[in-house]
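Chain by chain, the residues run as shown.
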Amino acid sequence: MLFTSWAFLLFLAVLVPLYYLVPKRVQWIVLLLADAVFVGFAGVRGAVYMVVTIVTVYAAARGFDALFRRQRETVAAMKATHTKEERKKARLGFEKKRRAVLILCLCVNVGILFVLKYGAAIGRLSAAWLHTPAFGADLTLTMGISFYTFSSIGYLLDVYRETIPAEKNPFRLALFVSFFPLLVQGPISRFDLLGRQLNAPHSFSGERFLSGALRIAWGYWKKLIVADRLLVAVKALCARPAVYRGDFVFVEMLLYAACLYADFTGGIDITIGIGEWFGVTVEENFFRPYFSKSISEYWRRWHITLGEWFKRYVYYPLSVSKPMRTLSQKSRRLGVGVSRRLPVYLATLLVWALTGAWHGSNWTFLVWGVLNGVVILLSEEMKPLYARFHARFPGLTNGACYRGFTVIRTILLLSSLRLLDCYATVKEAFSAFFSMFTTWNWGAVFRGGIQSLGLSWADYGAAFAGVLCMFALSMAQRKGPIRKRILSHGTVCSVCVLLLLIGTILVFGRYGFGFDAGQFIYNRF
Amino acid sequence: MEALLEILKELHPETDFETEEALVDRGVLVSFDIVMLITRIEEEFDVVIPAKDITPEHFNSAKALYALIEQLQEQDD
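Protein chains in written order, with the numbering used here: chain A, 1 to 525; chain B, 1001 to 1077.
Bear in mind the hints are in silico, worked out from the structure with no lab data behind them.
Mixed in with the good hints, there may be bad ones.
What the hints assert, rightly or not - No farther apart than 25 Å at their CA atoms in a straight line, the calculated lysine to any residue pairs in the SDA-like style are these:
1. A/K311 - A/E297
2. A/K311 - B/E1002
3. B/K1052 - A/E162
4. B/K1009 - A/K89
5. A/K89 - A/L104
6. B/K1009 - A/R332
7. B/K1052 - A/Q197
Stated by the list, open to error - Listed below are several chain B residues computed to face chain A (Cβ distance under 8 Å; list not exhaustive):
8. V1024
9. G1027
10. V1028
11. F1032
12. V1047
13. I1069
Beta carbons: idealized from backbone N, C-alpha and C, even for Gly.
Same shape as in the complex, but just chain B (with noise of 0.2 Å):
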């Protein structure tokens, strides 16, 4: 989650991601941030996300997308 919290940091330093629950819905994440967000997240806990799991539910919280990564990461083993 640490590092994850980290990515998210380096996107927007001033949203504090640990309490925000609507990132998508109040506009704070957009699609170009989701994509570059998808890529830094690929690179760091070699997963793939597929398109079908880019949906607001997934990237609205920190806790949601990590909550995705450990599936994935799952599914892969």
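The shape of chain A in the complex, shown without the other chains (with noise of 0.2 Å):
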């Protein structure tokens, strides 16, 4: 049931007003249900690979609870007849307990997400290689399973760490995982932090409804009227690598990252705006990224629960680890220098490497991941050269022409990298990026040549036009929530904006008879 779908909107037109009319007690039951039909109608494998992460993750945070307790219970019991020596070896018993608990639960679940993101290319990879008959063809990503899978992982891992208790009814645990608005592109959630309040009583609010009504045609508007049109445009350029070069190249950065903007932000706009329909704040997941004046930066503001997953559950116990920490005292004799960086530098490139692969199991995915890592980590070893130049131009980074170059080489850089997202193979995607440096054709761009991609000149003008209330927006937003400040002016302001939205997607949106509103992009991941 795709977001975009008038049967999904019938299906939130039942379920809200039926989700406040039941008692309270049983909301979180409606909600669970009304999770079950959406994860039915993506079929039953992916409801199948679902209820298997649910019932291993709950079996095990059960697990560490009852560990914990009983290492408590018979630590207490040893306290006035064993050692110290003793009572730690006992402690350490229950550890390796709770270890091989959590490796278990982990080689599950992250073995099912391996298998169907990886398998069909491994399958190929060995038939090609090994000459092996090939397999795994049908295996599949299922709906939402890489934000899904994540997110119980996390929440196995904060009990493992005893960060938060084990919740105690399954059925509770397979409202946060299953989650419905969460399943489409993320975000990536915890259990502490949306958990508790999907299991909440929530009276109804005519003002958080307008408000989340807002961010829900606020998230239509960009993908009906900016992302599903350059889309369009995207796609055509990236299916013709050989006719497409040069200036070409250039454009299509472009193009993909308003659509790439637009298509993300509106879907965790609609996932927001649900949430808040059902009384749940979700986490937020982009910060104005295009206003990030380094790479670092712009990858803590956009798809912030991703960054801060792999931070909380890979980079930092990676980087803290003993191996790290034996590395890292091995490398003395090369500098003190040398033996700081070495954990902070393979953490980040293994986290890279990890972030692109868990995009997908091309080639490409991996390269993108491995070289945003090296960028990052040029600019921390390039900081002392910056430093030197701010010293000798004193005053300048304090200029909005500074701030602004900032702003728009950031953006160049992460559209240059995202070329790689764009095309079949890496060869292609470095042949396209070298061409903007080797063929100067802006003659043939706009002699016809942007014509040719499937779109009017009428449909770049709506979508330029979006762009711009984006960007406006976005500026605006720099003084605070803008949805607060509709809403302070009362509510018949705040419906007529929100009928302002609405009627204009009817007239700019591409949706209806003969047009499939398309998936939105995150969601192939």
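Dock chain one against chain two, each of which comes alone in its own frame, and use the hints as you go.
Spelled out as structure tokens, the structure:
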């Protein structure tokens, strides 16, 4: 059931009133049933994988709780009769058991994701290199599996670290894992932030409903007016890499930057708005990312929950792990600077390789991830050089021109890296990138070139106006949340804005018979 | 505390670590800095900071970070 389908709007139209009509103590059950319907629509196979995740994660987390409790009782009982060393040994014994449970549960859940994500690619590689019969062609990702698996693993690790207690009711955990708005493209949520809210009773609030409606409408606006329109041109440009070279690639970079932003943030707007309709605050996934002054800052403002997940559960544990500490100590003879940098550099590269791999099995994603890591590390190494430059030209960084330059530089840099996301092979992506420096064909671009991409001038006009509106709103957001300001002007004003959004979608949006409003780009990950 | 402030100053000489209370939330200390900082703290104070303690609450101010170091030192004893 696509967010952009009439079936989904009907689903919401039934669900929201029902949620507030039933007694508060069963609201969470209504949500859980809605999740089951949503997941069921996507297919039985996906539902089975999700049930496996819920059951294994629930059992493991409860196991951790039981082991912690037994550990405390055992160690307390040993206090008077055993030495400190013996008590430590007993603690380590429980720790080992917990680790075994954790590894087993991770193997099952990461294993499912791994097989579905890379099974087909491994089958193709095996057939090509080892001449085995091809296998795994029918292995495809099921809806939301990349997102709910990560959320579930986050919950599992939080209970393992004793940051949060295990949820006692398996159905309440199921509600967190399967909450339907998050299955389309995240965000990757944490149980301590979302789980408790989902299970709490909620009263209807007209203002919150209106606020959610504004956010949802703005999400659809971006998706149907800008993203789905520009995606047509981006797909046409990517499909013929031998034809569309040089300046076409530059146009493609800019169109894809706008398209991806409108698509991904639009989807998250819809998710957050739906959350508000159920009285739930879903985490923000973006913070005006295209205003970042460096690529590392950009990654703290784009797909925030994925970055936070990797930081919390992979980057930090890896950086301070025993092997990294040993490596750091052994590399001391190469100098203090090297020994201090080594763990953080290795962890950065590995996390970026994993981030790339999370996006898909194609080599392009892996190269994209590693290149992001390399750029971040190079920027870090060049900091002293920047500092010397700024000391030589003091006051330069305070100017609006310099800030504008850093923002544009960041957008161009990350758009260049994103070419790897557009093309089928690494070679095609690099070839397209370098063609920008060897082929100057602006004449061809504007002499009918961009009109051959499936969009009319009217389409480009509508998309360009949409991008300007998104930019203006991002600028206005710097003074505070816009919806709050709209709502502060009263219900009539808010309803007028809502109607204006819906009206412009109806006039300028790409939808309806004969046009298939697309799935969200991030849904394929 | 003096030793910790010195380490922090090495990382970001321009920041007033004695008064700043939102080092992570305001983006003064990013993940890269935090790992470098942990390496330096472990060398200086002979403690091991486990991954579960790497949270914004512990790294938002020099005071909170010092409290964590003291707590870890006590646990070691």
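Quick rundown of the hints versus the structure:
no., hint, in the structure
1, A/K311 - A/E297, "holds (14 Å)"
2, A/K311 - B/E1002, "violated (29 Å)"
3, B/K1052 - A/E162, "holds (9 Å)"
4, B/K1009 - A/K89, "violated (40 Å)"
5, A/K89 - A/L104, "holds (23 Å)"
6, B/K1009 - A/R332, "holds (23 Å)"
7, B/K1052 - A/Q197, "holds (23 Å)"
8, V1024, "violated (11 Å)"
9, G1027, "holds (7 Å)"
10, V1028, "violated (12 Å)"
11, F1032, "holds (6 Å)"
12, V1047, "violated (11 Å)"
13, I1069, "violated (14 Å)"
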